[in-house]
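Between the sequences and the hints, there should be enough to build the whole structure, so can you do that?
Protein chains: 2
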Amino acid sequence: MTTAEENYLKAIYHLSDGGKKSVSTNDVAGAMKTKPASVSDMLRKLGEKEVIEYRKYYGLHITEEGKKQALQTIRKHRIWEVFLVEKLNFAWDEVHEVAEELEHIQSPLLIQRLDAFLNYPKFDPHGDPIPDEFGDVKAKPRLVLNEMEIDQMGQIVAVKDSSAAFLKYLDKVGAYIGARIKVLDKTDFDGSLEILVDQKKNLFMSKDVAANILVQQS
Amino acid sequence: MTTAEENYLKAIYHLSDGGKKSVSTNDVAGAMKTKPASVSDMLRKLGEKEVIEYRKYYGLHITEEGKKQALQTIRKHRIWEVFLVEKLNFAWDEVHEVAEELEHIQSPLLIQRLDAFLNYPKFDPHGDPIPDEFGDVKAKPRLVLNEMEIDQMGQIVAVKDSSAAFLKYLDKVGAYIGARIKVLDKTDFDGSLEILVDQKKNLFMSKDVAANILVQQS
DNA sequence: ATTTTTATTTAGGGATATCTAAACTTAATC
DNA sequence: GATTAAGTTTAGATATCCCTAAATAAAAAT
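Heads up: the protein sequence lines correspond to chains R and F, in order. Here my numbering is used: the first residue of the first sequence is 48, the next is one more, and so on. Here my numbering is used: the first residue of the second sequence is 48, the next is one more, and so on.
Honestly, I wouldn't trust all of these hints.
No copy labels: a pair is met if it fits in one copy or bridges any two.
[What the hints assert, rightly or not] Below, simulated SDA-like cross-link-like pairs (lysine to any residue); rule was C-alpha separation at most 25 Å, straight line:
1. K247 to F164
2. K68 to Q153
3. K80 to D232
4. K185 to P83
5. K82 to G94
6. K247 to R160
7. K247 to L156
8. K80 to S154
9. K134 to G238
10. K207 to G106
11. K169 to E133
12. K248 to A76
13. K92 to T50
Everything labelled a hint here was simulated from the structure, so no lab data went into it. From a predicted model like this one, the values you see are computed outputs, not experimental measurements.
Shown next as structure tokens:
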């Protein structure tokens with residue numbers, strides 16, 4: 048597989064939501080920032096390699112083999128992201144571009160050793176799970192914000208209370224679905240928390256608020 | 048610069064002995080394991096980019112700009128080698144291929160951070176010097192083997208005594224010009240050393256023998 | 001000084017990955 | 001159901017990097 052093929056396949060995997068949905072030529076062109084004409088050509092090739100099932104004019108489905116290969120690329124990408132953030136002190140929003148290059152290095156031994164060096168991380172700095180070498184993905188654990196420990200990081204994925212008042216409050220304090228958070232401090236006395244949002248904003252939050260925020264740990 | 052261009056320029060830099068010698072099309076084809084016809088094409092391109100000075104049928108000279116760029120690629124290659132050996136426990140003779148890929152990752156920040164992470168190494172695992180970010184190369188320090196400290200590594204580069212008897216002795220114990228060594232132990236009493244050769248062979252050596260072996264430190 | 005050998009370049013072609021423009025298929029609208 | 005719109009594919013180009021075969025230049029040999 049060439050670098051371009053790997054990138055297409057990875058995009059297709061994401062667009063198909065892990066193989067669940069059918070994907071169109073235009074979808075792929077959008078994701079890859081190329082023209083539909085270029086995509087048609089690539090889809091024909093990927094079809095021949097049997098990593099996708101391609102029917103002209105009707106879009107494509109990723110095959111089991113395709114999924115496996117896409118997950119290996121995703122695995123490498125996310126392991127490199129962990130390395131960049133944890134060892135080289137990159138910020139979590141600075142790593143994507145570089146990981147995009149590093150993921151194409153061809154060396155099973157390298158990724159195996161790197162994984163060990165990083166102590167077999169299960170999630171990347173964005174909170175996304177790292178597939179294992181067989182392509183198995185751990186479901187992202189979800190928990191209520193007030194159950195997190197100090198120094199744990201995660202991403203806000205949902206709220207329990209979706210009343211206008213609550214959402215308005217979240218908006219006011221700068222929290223939102225997708226925000227990356229880190230628990231800086233917890234007060235045993237009242238269960239209140241101090242949270243770092245997007246690596247910049249400090250936020251004090253009562254237990255009652257935290258109990259209504261669902262977080263995906265990383 | 049493309050990956051292929053970077054690789055050609057690096058090969059040219061080495062073949063020209065750092066810009067001292069003129070290089071022929073055939074030399075480059077040999078080093079790159081491509082055909083001379085392919086090289087001619089590439090030389091024209093590199094000439095247009097003014098990293099080499101190319102005269103048809105008469106070979107080429109690398110330019111100052113070319114040297115600078117080649118040294119940056121070499122810098123990246125060697126820094127990655129240090130990473131692979133020191134952090135990921137690769138053997139020094141396993142790293143070249145992977146470093147050959149890693150050196151083409153385009154991110155000045157990455158190499159800067161990696162350099163810091165490795166504590167600004169001056170030599171790669173083969174004992175070759177790592178150019179700094181301006182392309183300046185430290186001369187390789189040479190010293191007599193018995194002056195090395197415990198745990199220091201290096202490469203045998205020459206002998207003071209080149210008598211047949213001495214060379215025969217070296218051969219017998221498995222030491223040779225180019226051998227990679229590490230000082231495992233030193234005995235103060237008689238100045239004798241215990242040496243690891245090529246990461247496998249243990250060797251006891253008297254002070255008199257060690258005093259006749261020149262080593263390049265790394 | 002001519003011939004032979006060696007080195008090098010040019011010409012033409014294949015693979016990858018991209019593009020624009022034109023053609024075609026399917027879906028949507030009237 | 002015909003027309004229009006949207007989506008997709010094909011055709012033809014360009015750029016990179018490689019190849020083989022043929023042509024040409026330079027060096028070596030007679």
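Against the structure, the hints come out as follows:
1. K247 to F164: between (28 Å within a copy, 24 Å between copies)
2. K68 to Q153: Result: close neither inside a copy nor across copies, 29 Å intra and 34 Å inter.
3. K80 to D232: neither (42 Å within a copy, 59 Å between copies)
4. K185 to P83: neither (34 Å within a copy, 52 Å between copies)
5. K82 to G94: Classified as within; 18 Å inside a copy, 33 Å across copies.
6. K247 to R160: between (32 Å within a copy, 21 Å between copies)
7. K247 to L156: Between. Shortest inter-copy distance 21 Å satisfies the 25 Å Cα cut-off; intra-copy 37 Å does not.
8. K80 to S154: between (28 Å within a copy, 21 Å between copies)
9. K134 to G238: For K134 and G238, the Cα distance exceeds 25 Å both inside one copy (32 Å) and across copies (41 Å).
10. K207 to G106: Result: close neither inside a copy nor across copies, 37 Å intra and 73 Å inter.
11. K169 to E133: Both: 13 Å inside a copy, 24 Å across copies.
12. K248 to A76: Neither way: K248 and A76 sit 36 Å apart in one copy and 57 Å across, limit 25 Å.
13. K92 to T50: Both, since 14 Å and 24 Å are each at most 25 Å.
Violated hints for the displayed structure, listed by number in ascending order: 2, 3, 4, 9, 10 and 12.
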